[in-house]
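K.L.:
Residue-level listing of the chains:
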Amino acid sequence: MKEPLLQVDGLKKHFVSQKGFRKSSKQVVKAVDGVSFDINPGETFGLVGESGCGKSTTGRMIMQMLEATEGTITFDGERLDQLSGKALKKARKDFQMIFQDPYASLNPRMTVRDIIAEPLIVHEMETSNGIDRRVYELLDTVGLPRKVAERYPHEFSGGQRQRIGIARALAVKPKLIIADEPVSALDVSIQSQVLNLLKDLQDEFDLTYLFIAHDLSVVDFISDRIGVMYLGKLVEIGDRDSIIQNPQHPYTKALLSAVPVPDPRAKRERIVLEGDLPSPSNPPSGCPFHTRCPFAWDRCVNETPELQTAETTGHTAACHLLDEL
Amino acid sequence: MAEAATRKEEEQEKKVTPFQQFWKSFKKQKVSFAAGVFLLLLFIVAAIGPFIAPYGPQEYDYDNLLSGPSWQHLAGTDDFGRDIFSRILHGAWISLSVGLSSVFIGALLGTILGIISGYFGKWVDSAIMRVMDVLLAFPGMLLAIGIIAILGPGLFNVVMAVAIFSVPVFARIIRSSTLAIKSTLYVEATQSIGSSHFRVIMKHIFPGTVSTLIVYFTMRIGSAILIAAGLSFLGLGADPSTPEWGAMLSNGRDYLNNAPHVTFFPGLAIFLTVLAFNLLGDGLRDALDPKIRD
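Chains as they are written, first to last, in the UniProt record's numbering: chain A, 1 to 325; chain B, 1 to 294.
Simulated from the structure, these hints should not be mistaken for lab results. Hints may contain errors.
One-sided and incomplete, this derived list gives chain A residues near chain B with beta-carbon spacing under 10 Å [claimed, not checked]:
{"#": "1", "residue": "L88"}
{"#": "2", "residue": "D114"}
{"#": "3", "residue": "P119"}
{"#": "4", "residue": "G165"}
Straight-line distance between alpha carbons at most 30 Å, and here's what the computed DSBU-like set of lysine-lysine pairs gives [said to hold, decoys possible]:
{"#": "5", "chain 1": "B", "residue 1": "K182", "chain 2": "A", "residue 2": "K93"}
{"#": "6", "chain 1": "A", "residue 1": "K173", "chain 2": "B", "residue 2": "K182"}
{"#": "7", "chain 1": "B", "residue 1": "K182", "chain 2": "A", "residue 2": "K26"}
{"#": "8", "chain 1": "A", "residue 1": "K147", "chain 2": "B", "residue 2": "K203"}
{"#": "9", "chain 1": "A", "residue 1": "K86", "chain 2": "A", "residue 2": "K12"}
Every residue gets a Cβ at the ideal spot worked out from N, C-alpha and C, and that includes glycine.
Sequences are here, hints too, so could you generate the full structure?
P.N.:
Written out as structure tokens, the structure is:
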């Protein structure tokens, strides 16, 4: 058994917002509330959940762009949450991020060359001659012609911009790439190109991905293992095939039933969830999903279920009705 | 579909630099383009004025005291018989350099303070902005008079006074654009790479504020010239004998009834210069703002 590259344990992020002057009027938004998972070297871990469930916040905490309220992040044997200053900067070289919005994540006033070269300059990895060579190499890798180096981001389409973003993330030869919904802003036809590129790059450079998405079909395509998040908590986690074919948690079942099947005559059971995602500032008691769960009963309202291994499938889910549904 | 493809090809063939794009949309602004041309001529006149002026600034012609405009004296003469047209040409350099240098100092300090304030936030922000609020609380002229009262009269002190009162204006504007840029995803991206604060500020924040800076720099020059002229008019700036436009206005005010040209021409020079700077600033704003452009 290999040592995991990234271990996240009991990660929490509580945003405190004060309304009014009284201390008692403080509101705590539990964006991420106790998330734990491991990612092994070379695998792709897909994190899914609907908007506002805390998946991007989790990614940002791992990137050290947000400070965790509680919990530990261990990357390559080092506690990231305890690093700062020079040590953190040095560690940052090994994990990079690809952002959701390729229109906003590239500085419109910088040329493609400057954008891709920035991490190299920051980490002092190349001489000035070496930087040019490396930028061209990276453009080749992500499938963009070399002549685009002098252009500005607004001259590119979404897919091309995302390739620039990928080249920037690859520049410092990281071990882990956190991809925060890298294809959700793109056309479906472009999505598959970018996903295939990410897969090819993984094989070529031994990359490990934390792939954040809300689209289960995308996650199904790229992931080795999947974690399903709901309202700041992981509700199900396990191997891709096991989760896709044999979902245990009612929320995962509902998500899977919403994935379109390209066959108009296919008969299937749609589970349509009622109501909206509850506010993370005022989460429901017990199981966070009980307000929308078609199978909820007394215990779900009063008691928060822990992640436990399902006997039938071997992957874990947080549900009181595990193995019974 | 085919149309889009050919357009794309066209775009690929001619590469448009940001400057060309700016120039293209600036040229469409007829009025401010004219203002720009006027100011360009004014700068040339200010540089070569002393050489093309028909008379020296202190050349007395006792045969023509307070005489009206004529072919001999294009804008007439003042109470000492000095040629007003020549004095305006000599004074252009003073007004422009006072305006430019004071706004430059003010913009420099204001930009540094604004970026630090917006970027670091928290108590640094509060401390800097409260001081700026105090400065902004005084009306501009009053603040300038107060500073002159401390420093003493003189052109150099006028520059300092106008600079100090420009600082809070720039600090506020640059702080707000810093806040906007700081919250963009690309700044977050560069921070996640591990860029230092200095790098983020110099490579991402400052370049983003430049277009705002250019616009307000241009507009402030107009009001700086006005304030400097005002101070000289009150006798707090340039020595009354220097051909400074404000001082010339002040000299002529006693003869407003029988020789209005003594105040009219320096006043016209101030008016046109300030107007031109403001119009130029307007046009630059429209040309530099990608949201208004096209």
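K.L.:
Against this structure, judge whether each hint is valid.
P.N.:
Here's how the hints hold up against the structure:
no. : hint            : verdict
1   : L88             : holds (7 Å)
2   : D114            : holds (8 Å)
3   : P119            : holds (5 Å)
4   : G165            : holds (8 Å)
5   : B:K182 - A:K93  : holds (22 Å)
6   : A:K173 - B:K182 : holds (27 Å)
7   : B:K182 - A:K26  : holds (27 Å)
8   : A:K147 - B:K203 : holds (23 Å)
9   : A:K86 - A:K12   : holds (25 Å)
The structure agrees with every numbered hint stated previously.
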